[in-house]
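**Q** Generate the whole structure from the sequences, applying the supplied hints.
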Amino acid sequence: MSDSVAPSLSVPSRRGRRGAEVALALALLALLLAAPFYVGTEFALRIATLCCLFGTMSLGWNLLGGYANQISLGHAVFFAVGAYTTGLLEIDLHVTPWLGIPAGMGLAVLVGIGIGIPTFRLAGHYFALGTLALLQIGDILFTYYRQFTGGTLGLTLPILGYRPEMFSFKYPIWYFYVAAGMMVGALLASRLVLRSGLGYRLRAIKENPLAAQLAGIDLLRTKLTALAISAAVVAAGGGFYLQFIQFIDPDSAFSFQTSINMALFAIIGGVNSWWGPALGAMLLVPLSEYTSLQLTGRLAPLGPLAYGLLLILVILLRPRGLAEWLLRLWERLWRSPA
Amino acid sequence: MALYQALLNGLLIGGVYALISIGLTLVFGVMDIVNFAQGEFLMIGMFLAFFAHQLFGLDPLVASVGAGLLVFALGVLVERVIIDPIIEAPPLAQIFATVGLSIVLSNAAAAAFGNEYHGVTTPYGAVSVPLPGAHLSLSYLLAFACAAVAASLLYLFLNWTDLGRAMRATAQNRNAAVLLGINPRAMYMLAFGLGVGLAGFAGAVILPYTVAYPAIGSQFVLIMYTVVVLGGLGSVRGAAVAGLVIGVVQSVSTVFLATELQNLVVFVIFVAALILVPGGVLQNVRLRRA
Amino acid sequence: MSGPLLELRSVSRRFGGLLALSEVSFQVQAGELVGVIGPNGAGKSTLFNAIVQLVPPTSGQVLYQGREITGWPVNRVVASGITKTSQMVQVFGEMTVLENVLVGAILHQRRLDLARRQAIEDLEFIGLAARADLPARDLTLADRARLELARALAVRPRLLMIDEVMAGLTEAEVGEMLNRLRAMNRERGITLLVIEHNMRAVMEVSQRVLAFEQGRLIADGDPLGVSRDPQVVEAYLGMG
Numbered sequence: 000m001s002d003s004v005a006p007s008l009s010v011p012s013r014r015g016r017r018g019a020e021v022a023l024a025l026a027l028l029a030l031l032l033a034a035p036f037y038v039g040t041e042f043a044l045r046i047a048t049l050c051c052l053f054g055t056m057s058l059g060w061n062l063l064g065g066y067a068n069q070i071s072l073g074h075a076v077f078f079a080v081g082a083y084t085t086g087l088l089e090i091d092l093h094v095t096p097w098l099g100i101p102a103g104m105g106l107a108v109l110v111g112i113g114i115g116i117p118t119f120r121l122a123g124h125y126f127a128l129g130t131l132a133l134l135q136i137g138d139i140l141f142t143y144y145r146q147f148t149g150g151t152l153g154l155t156l157p158i159l160g161y162r163p164e165m166f167s168f169k170y171p172i173w174y175f176y177v178a179a180g181m182m183v184g185a186l187l188a189s190r191l192v193l194r195s196g197l198g199y200r201l202r203a204i205k206e207n208p209l210a211a212q213l214a215g216i217d218l219l220r221t222k223l224t225a226l227a228i229s230a231a232v233v234a235a236g237g238g239f240y241l242q243f244i245q246f247i248d249p250d251s252a253f254s255f256q257t258s259i260n261m262a263l264f265a266i267i268g269g270v271n272s273w274w275g276p277a278l279g280a281m282l283l284v285p286l287s288e289y290t291s292l293q294l295t296g297r298l299a300p301l302g303p304l305a306y307g308l309l310l311i312l313v314i315l316l317r318p319r320g321l322a323e324w325l326l327r328l329w330e331r332l333w334r335s336p337a
Numbered sequence: 000m001a002l003y004q005a006l007l008n009g010l011l012i013g014g015v016y017a018l019i020s021i022g023l024t025l026v027f028g029v030m031d032i033v034n035f036a037q038g039e040f041l042m043i044g045m046f047l048a049f050f051a052h053q054l055f056g057l058d059p060l061v062a063s064v065g066a067g068l069l070v071f072a073l074g075v076l077v078e079r080v081i082i083d084p085i086i087e088a089p090p091l092a093q094i095f096a097t098v099g100l101s102i103v104l105s106n107a108a109a110a111a112f113g114n115e116y117h118g119v120t121t122p123y124g125a126v127s128v129p130l131p132g133a134h135l136s137l138s139y140l141l142a143f144a145c146a147a148v149a150a151s152l153l154y155l156f157l158n159w160t161d162l163g164r165a166m167r168a169t170a171q172n173r174n175a176a177v178l179l180g181i182n183p184r185a186m187y188m189l190a191f192g193l194g195v196g197l198a199g200f201a202g203a204v205i206l207p208y209t210v211a212y213p214a215i216g217s218q219f220v221l222i223m224y225t226v227v228v229l230g231g232l233g234s235v236r237g238a239a240v241a242g243l244v245i246g247v248v249q250s251v252s253t254v255f256l257a258t259e260l261q262n263l264v265v266f267v268i269f270v271a272a273l274i275l276v277p278g279g280v281l282q283n284v285r286l287r288r289a
Numbered sequence: 000m001s002g003p004l005l006e007l008r009s010v011s012r013r014f015g016g017l018l019a020l021s022e023v024s025f026q027v028q029a030g031e032l033v034g035v036i037g038p039n040g041a042g043k044s045t046l047f048n049a050i051v052q053l054v055p056p057t058s059g060q061v062l063y064q065g066r067e068i069t070g071w072p073v074n075r076v077v078a079s080g081i082t083k084t085s086q087m088v089q090v091f092g093e094m095t096v097l098e099n100v101l102v103g104a105i106l107h108q109r110r111l112d113l114a115r116r117q118a119i120e121d122l123e124f125i126g127l128a129a130r131a132d133l134p135a136r137d138l139t140l141a142d143r144a145r146l147e148l149a150r151a152l153a154v155r156p157r158l159l160m161i162d163e164v165m166a167g168l169t170e171a172e173v174g175e176m177l178n179r180l181r182a183m184n185r186e187r188g189i190t191l192l193v194i195e196h197n198m199r200a201v202m203e204v205s206q207r208v209l210a211f212e213q214g215r216l217i218a219d220g221d222p223l224g225v226s227r228d229p230q231v232v233e234a235y236l237g238m239g
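These protein sequence lines map, in sequence, to chains A, B and C. With numbering that gives the first Met the number 0 applied, the first sequence covers 0 to 337. With numbering that gives the first Met the number 0 applied, the second sequence covers 0 to 289. With numbering that gives the first Met the number 0 applied, the third sequence covers 0 to 239.
There's no promise every hint is true.
Unchecked claim - Label pairs and their computed distance ranges (CB to CB): (1) B:L179 with C:L140: 24 to 30 Å; (2) C:P72 with B:A271: 21 to 27 Å; (3) C:P72 with B:A214: 42 to 48 Å.
As the list claims (entries may be wrong) - Calculated Cβ distances over 12 Å to all of chain C for the following chain A residues: (4) A29; (5) G39; (6) A299.
Quick caveat, the hints were computed from the structure, so don't treat them as lab data. Glycine is no exception: its CB is placed at the ideal position from the N, C-alpha and C atoms.
**A** Right, dumping it as C-alpha cells:
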C-alpha cells in the first residue's frame, strides 16, 4: 500500500520543515492578497479571484482525495449543490446568499453522506465511479426539471446594485477579498485536519487500511467525516461562484472538467501538503485563463492538452507535487551558506 | 410496435457496448487498473476508419481490423510509457494517469481534426431489412455481427491458447503466474493493447451509423462503467451479457421516457449496481478471484 | 470480572474447500500468557484473525468478557480491548515511527499532546525511541515488527495477540523481547496470546501452550506437558 513511486528519501528535520512550510505558505498568501496592488486590470483581478475560488475547492477535494486517497471524479456535484441552493434560495425565496451558502454547504454534506455510505464500503475504484455517475445523473435531472432549475437556460441572478447584505458588491475587489477570505478559511481547515487525529486517521487509511483497522480506526466513519468537510468546502466555492459569475447552468455546474481541475491542482501542488492544492491553483488558473484567451478556435484544445500532459508528467516524475519540491529547494537555500 | 423495435435496436447496439466493455474489464481484471481513457481509444478507432474511408475509400467494416491493430499498437506504447511506471502506485496516481491520458487524447484529436462531426456514407448505411412488426437497420446488424465475432475470438483466445491461459493466470494470481514462468509485465502490455484495441475496433464498426468527433469517448464512458460494474469488475462473460442488457434498457427506456432521460435509467442502474451488488450481478466466469 | 476474558466456542473457518479452523474451543483467563504453536498452515494466524474478526468465523462464537463479539467490525473489537500484530508486518510506511504509534494512541487519548507523550513512552518500552523520526519504510523488517507491536500496545489492549515478532532477531534480541513480553504481561496486566516458531522462546515464556494441527486444537496445557504430548510430537515429526 505504500507509495512506491516516491523516492526513498528520509526527511532531515521535521520541526524546521514545519516552520519553513508555514513561512512559504504565508509568503504565497501575502503575494496573493497584495494582488490588487500590483495587478492593474479588471481581468487580472478576476483571475486572482478565480485563483482563490479554485484554490478553496482544490483544498476541499484534497481533504479526502489527497489525505486519504479516496478519489472522487465527480466533486463538482458539491459545487453544483452549493451554487444551485444559493441561487434558488435567492431567486425564489429572496434569501440572502450569506445564508444560502451555508445552506448549500449543509445540503452538500447530506449528499456526500448519501453517496459515501454505499460506496466507501467498497474498494478504491468504486467511490470514483460512484461520484462520476452522480455527476451525470445531476446533469440530466437538472436539465430535465426545468420548472425548478431553469433547465439548459440556467439561473441568472437578478441585478441588485450595491447590496452587500445580499452579497452584491460595488467593486470587484470586494469579491476578491471574500474569495481570499474563503481560501484562508480552507487553508486553516486543511492544516487543522492534517495535524489532528482525523488527519492521522486519514493518512493511516491511505497507507494501510488493514493496519488502520487494527489500530481501532472506523474506516467508514473517518472517510465520511472527511467527505462531509470536503463537500462543505467545495459547496461554499459553488455558492461563491454563482454570486461572482451571476449565472449557472447544468453543464457548467455538473462539469467533469471542474471536478478534474480540483484534483489536478491538488496533484500538481502536492496532495500530502496542506497548502499544495492552493499552490497548484495559483499556478494553473492564471495559466489556463491566459491560454484560453490567447488560444482560440482551432488552437483552443491546446490549453487542456497541455494540462493533461502536465498531469501525466507530474504523476510520473514528481508524484509528491510542487509543494514538496519547493520545500526541498527552500531547505537547500537555507543550508548552503552555512 | 415501438417496444419490439426498441428491443431489437437495443440488443444490436448492446453488442457493441459489450465489446467495448470487455476491453475495459479485461484491463481491470489483469492489471487492476480502471482505464478512464477507454472511450478515447474508441474515438481514435473511429477517426482511423474515417480517414481510411476518406483517403483510400475503404469501408469502415473492412478498415476495422486495421484500426483495431493500430490502436492495439498505440495501447502497447501507452502501457510502456505511462501505465507500467504506475502499476504498483497508489490509486491516486493510477486513476489520474489514465484521466490525464483521456484529456490528452481527446484534445489532441480536437486540435488535429477540429470539433466537427465526421461521418461516412456507406452503401448499407440507410438500408433496413423489413421484419414482421419492425425493421432491422443493416448497419446496426453488421456492427453487431462484427462485435460478436471479435468477442468470440477473444473468448477463444483466453480459453484455448497458451497465451490466453497465461493472461488469465496472471489475472488470478500474479505471484503464482510468475512461478509458472509467465512474465507479468508482458501480460500487462498485451492485456492493455488488447483492451484498447477492442475499443478501437468497435469505434470503426459503429462509424456507419454514427459520427466521429473528439469528445465522443465521453458519451460511452458511463455506459461502459455501468456494463462493467453490472457484469462484475474483471468478468469478461459478465460484461458481454451486461452490455446487451444495458443496450436494451437504454433503448427501451426511450419508449416510456423523454429522450433527455434516456441515460438516466442507465446511471440509476449503475448506482444501484454499485450499492446493491458490488461483486457484479452476472459473475459467471470471473477472470480473477479476489 | 470472574468469567474468562476470552472464550471460543466451536469456532470454525472455511476458505472455499479448506477448513482452516475446525471446531476450536478454549478459554483464556485475564492475566494469562499463552503460547500458540503448530506447524505452518496449522491455522494459528487464522485463529488470531478470527478472534479479532478480520476473518470472521464461518461458525461458532467468540466471546470477550462474556459478550459475544462474533461478526463485530474489526475497529469495534479493537476499541473494546483486543488487537493483534501481523505475521506479514503491517505498518504505515510513509509515516514516521512516532506517527505510526500515535495513530494507535489516539484511539483512547483524544488530546494529541498527551497521545504523543504516550506514544513516545511505548516506543521507549519497545526500544525504538531513537528512531522515532524516521519514516517507517526505512526500518529493517525486525524493527518494523517491533513498531507494529508498539502500535498495538498504544491502543491499550487488554488482550494482545502477537504473531511471530521474533523472526529475524538475534539471540540477545530474543532475550530482550521475552523480557518485554513478561513486562507487558505482569506490569501492564495485558493478557497475551503469542504465536512463535522459536520453540525454546515460547516454552520459556508461556504459562500455558495451545498446540494446533490442520486447524484443530490438539493440545492445551502447561509447556512441558504439551511438548511431551504424543499428538504434538507426531505433528512436528510429521512435518519435518
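**Q** If a hint holds in the structure, say so; if it does not, say that too.
**A** How the hints compare with the structure:
no.: 1; hint: B:L179 with C:L140: 24 to 30 Å; in the structure: holds, 27 Å
no.: 2; hint: C:P72 with B:A271: 21 to 27 Å; in the structure: holds, 25 Å
no.: 3; hint: C:P72 with B:A214: 42 to 48 Å; in the structure: holds, 44 Å
no.: 4; hint: A29; in the structure: holds, 29 Å
no.: 5; hint: G39; in the structure: holds, 44 Å
no.: 6; hint: A299; in the structure: holds, 40 Å
Violated hints are absent here; each numbered hint is respected by the structure.
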